[in-house]
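**Student:** Line by line, the protein sequences are chains A and B. Each residue of the first sequence is one higher than the one before, counting from 1 in the working numbering. Each residue of the second sequence is one higher than the one before, counting from 1 in the working numbering.
Note that these hints are calculated values from the structure, not bench results. Worth double-checking, as some hints may not be accurate.
What the hints assert, rightly or not - Here are the simulated lysine-lysine pairs, PhoX-like style, with alpha carbons at most 25 Å apart: (1) B:K305 with A:K339; (2) A:K344 with B:K305; (3) B:K624 with B:K460; (4) B:K305 with A:K112; (5) B:K323 with B:K287; (6) B:K624 with B:K644; (7) A:K339 with B:K261; (8) B:K505 with B:K460; (9) B:K644 with B:K505; (10) B:K505 with B:K323; (11) B:K638 with B:K505; (12) B:K323 with B:K75.
What the hints assert, rightly or not - Sample of chain A residues facing chain B (criterion: CB under 7 Å; computed from the structure): (13) F108; (14) F131; (15) R274; (16) H340; (17) V342; (18) V424; (19) L442; (20) D443; (21) P444.
For glycine and all other residues, C-beta sits at the position ideal for the given N, C-alpha and C.
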Amino acid sequence: MRRARVGIDVGGTFTDFVLSNGADGSLTYFKEPSVPSDPSLAVERGMAALLDRARLEPGDVELVVHGTTLGLNAIIQRRGAAMALVVSRGNRDVLEIARCRMPSSYDFSAPKEEPLVPRDLVFEIGARSAFDGTILARPPVEEIAELAETLKSRGVAAVAVMLLNAYVDPTLETEVADALASRLPGVLVSRSSQVWPEIREYERALVAGLNAYIHPLLERYYATLTRRMGELGVAAPLYITASNGGALSVDSARARPIDTVLSGPASGVVAAARIALLTGRQEIITFDMGGTSSDFAVSKGGEPEYTTRTDVGEFPLILPVVNVSSIGAGGGSIVRVDKHGVLKVGPESAGADPGPASYRRGGTEAAITDCYVAAGIIDPDAFLGGRMKLDRAAASGALERVAQRLGMTGEDRAAQAAEAALSVTTAKMATELFKGLAQRGLDPRGFALIPFGGAGPTHANLLAEEARLAAIIVPPGPGTFCALGAIMADVKRDYVRTVRRRLSDDGAPQALAATIAGLEREATDWVGSEGAIVEATQLSAEADMRYAGQAYELHVAIPAALGKTMAAREVGELFHQAHERLYGFRDVDSAIEVVTLRVRVVGRVPPIAIPELDKTATAVEPKGRRRVFHRGQWLDVPVFLRDRLVQGQGFAGPALVEQEDTTTWIIPGWHARVDAVGNLHVSRG
Amino acid sequence: MRTDPVLLEILGNKVTACAEEMSYTLQRTGRTLYVKETADFGTALAHLGGKFFAYPRAIGVSGFIDLDCGPAIRKAGALEPGDVIITNHPYESEGLATHLPDVHVIQPYFHDGRIVCYGWAFIHASDVGGRVPSSISPTNDELFQEGLLIPPLKLVRRGQLNPDVVAMIRANCRTPDANIGDIKAMLAALTVGERRVADMIAQHGLDTFMAAQEDIIAYTAMRAREVLRRLPDGTYSFWDYLDDDLATDIPIRVRASITVKDGEIAIDYSGTDPQVLASYNIPTHGKRHPWLTLRLAAFICTQDKTIAHNEGLFRHVHITAPKGSIVNPEFPAAVGVRHATAIRVNDTLNGVLGLAAPHLMPAANGGVVIPVVLAEHDEATGQRNVIVIEPMVGGMGARQGGDGVDGRDSGISNLANNPLETVEADASIRVLDYSLRRDSGGPGQWRGGVGLCLTFEVLKDGSAVLGRGMERMRFQPWGAQGGRPGALALTILNRGREGERDLGKIDMVLLNRGDTMTVLTPGGGGFGDPYLREPEAVLRDVVRGFVSIEAAERDYGVILRDGRIDEAATSRRRGNRPEPALRQPIDGGPARDAWETVFDDRRMTELARRLLALPRVARGEQRKRVVAAVVPALVQSKANDIAKVLDDPARQSAELGRTIERLPAPPRPVTGRAAE
């Protein structure tokens, strides 16, 4: 019976698996060490082990949803395809000039970003449209043929075409791209008007360019992955998680890999938003603490917050993605004392290799993970379910050197230093969180914190205390949360068209409605071919609008019925209201311009069951106790095993809850309670 | 230091985050583009002395770290909880506000009935009245033309907005709603700051919070001094020029002399030209001031990338800025476009630091910010459509070990450009070329960044193009340590077409349908002898189109054939170089050389000294007379070719000496800074 769904998240250190068994509603978790040189090998190995653990056969799997940071890493490490960019005459420096900003206003030695394509691989062609789509210049056949020869001789594996104003009408760009493609067999030709037809040539060139850049790499990866799954006997359809928190069929992801680059953090946020909604929490902040950084995101009413202004590596990305902010503090952040005797944490990170001192892989400097170990929060013998032994003496030794430089004395000086470093980290996280919320105009006090990642639950209570958050919800499998998010994701894709029409113009409502209808057709056609897992589909439209003359637009949701007419008065009123909410005033005398229309299609995937804990089981005693250093003293703290907790069980902090993929630290003054599906609710009092 | 090293780090992070959170609140609730998109605003926390102990790292205006709220606070009278001071008066606030659109507010934060620190915010208001819309014009020659003047007074009393002040502001600007909206956004930011300060005191205690303010600054000062110690002890002097003073064709000189001793640095702007009858004056009140130390701050923050931004950066910096000079003008000198001068002050400071530590400072940046503006008639509305096509900057200067950045310049502001697609949709023009300007970067062992090129065609008759900030059209961005200067800025009508014409420095030019306009910005200066540049690097520049094959041979002595380096020809050429190898320590190009054969440093320093001793109203006129006596053309006409008008340097030099001697000589000061 094919009832099992498998979510997979390929990270730098571990490849995480979650299996949802539809037959009995159970969840099975597994972590397999990643193989950076051959990432799908870890997927193959882990899949076999996971099925074994769940006592299922490959044939039982009905769906595999897979997330990978391969594309993102290729961009960050500049390991993508040798590629060329083709642009309109006069626009050769679109990547060099970019948006003209330098990364730092102070540091004059900070270089600008290395352009995605070196200047000698950017080629101008006599193809140009006007702002209204009128074709001003068409390249003669000979010019295209000559360019194709040049591209051939330069040996590029991919070509992106971005012509000025192609967002208005793709005809000319398509002609050029097709003509090049027909002369360049085996070379991927990506065109901006097809990938993302939004106004702003630099950003659009990057969408098309990055798409081409990672295409060959991911193409190879997905081919190998598909083959290996087949060899294992897993015949289920393969889906890939996307940066917008949705999933795509592997064919869609192959055709447009750029949609998947920021999928990793997005998946965890999707899972958290879903879980929170099930517990009745509307407003949450996710807190994903990893080795080098921590990610924050805000969700309301089960929907993550999206943004169309984010970065991948050194480049801005205008695709709609789950809005995740990153701060440079994680388990690997290094603890140091500067020459003036001031304690510093990060931004340098020990990473996974050599890692914190307690990893005994050659790292000698203390990292945040060492602080957990030295303070007794993490049991060095129970890390990753005991699969990786940490060295407590090494952690304490590294921290003693820190303590010495801080002038700390006494037997517990390593623990003192550990606590000091944790305080510095916590303060840094809380201040970053406050800033992020201030940018959004939100008050932290109403939010619950949902921690995941290896260290999220370990640090969450310290952060919640410092940031004065009311509650924490620790989901059952925080260490494999992104993999869980993968199988919770709906099929989802976004469509865009820049229109630039004044609402008051004759015929504007009809034209806008027609554009929305066109995007909806495109979206419906696509989702229809995404496979049998898709149940109901749902379309939603948004218009980016502004008062004429403003430089930036507000995104305004357009209700379905209004989208069919785009009646000027109603649409205008929605914009006025949005403007009033954000800026506190409306400008009724100003013309309103609709700059860009967006349509999102969501194909609902039947929800997985979240298994309930056994109601009849009785609470068991802690497995033991250990000493934890907190607020300057050693506390005697009970240690609970997560998988032995029962529904409704409650206990007060200080307490530790251990599970294979993480340890949750509950500080004095806080109280934990286990809900029906095993979430740990931690709150004050 | 009284604060323990763990708390110091925690509180250091917290106060900086507080200042940043104030900024995010201001940006989110602000109303105008200046605030929301250009981010022309600031927030900070000031200690009881009025200087900042917490300033944002990555949002808002980066350069105002060393402002002083003290005078405005003292002049506002006794303060009560809930009071907020407002001012935009450059002279009454003693340099807190530096031009009238910058509206500043200060709120005392109380705890148990006593002030524990101050919150500060400023915005660039879109209009504060005055002679021209947006209130800024270089041709304003008196402060009163520049808009409403608000001396330090209470905008809010005990939490109540003073309606009289609000009414007065509203009545005196062209965009009252926008201004009041932005002012309210500042009040929102101050409230956030107040809340966070109260939180910190509640968590850490008042004594800790008060001690930390001083210790945070002391810690930054310690780290800043460590950087300043990398400058060898000694005295160094440098000067640079603005092309002209707007009213005449006479260049404006900015001169700085620094004395470094064990990480203490005294900067003396004596020898800088007197204030001018244009709005180029920088009101600093003659004290340590952000506009006079901006490049030094950049130097410190480049050397120590994680140093906290607060007053401590400048604790070991001392300033002399003679009263009546363009860097310390007397009331009521106009100040609207003070940043044009600030760019050159930056270059000057950069140059003088480079003399002290050549390996740590770059050559000159392109040194311009030119917003190319189009004004066209809109048939639909009957109004004039005015849009910025592109804010144009030059390239950045090269430095030891690194080429200058091409086509960008974060030296004074770090603004984003406009996408061509939005420009073409908003204005009746077609952009034919927006590119990096080949061969404009100053040659050097490390190449100066190339400038930008913008060519656009006008699609409507009677469109006007305005170009403010046109500078470096006479004196090139200098190269350093054997590096050559960057190319000058140029404006060309119908480049490569019939009717091609060099337009020079434009204020406004009318164009007809089909005309094209080209603006070329300067490249940054090169660093080090170009003949020492790796031939491979020159080849790469040629392949990538930053340098032409001809320039590779002419400027670098690298000879390329069929896309490869001709090793033999190159070493022959490099062996018999056609001109002297080094022009130490800076090379400002032929115009600067020609100028200084007559208007040399010794004489011009003396001229500035004597002019400043004259009554304020007489200085400008006397300066004009002195120059007219030597080179009449500079007073009679514009855009003179320096080399041509200085056709008899020996005679002209002697004449200059005689003319200066005729001015009354003020007594020399007995001692230097030691007396202060």
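**Student:** Of the numbered hints stated earlier in the document, which are not met by this structure?
**Tutor:** When the structure is compared with the hints, numbers 3, 10, 15, 19, 20, 21 turn out to be violated.
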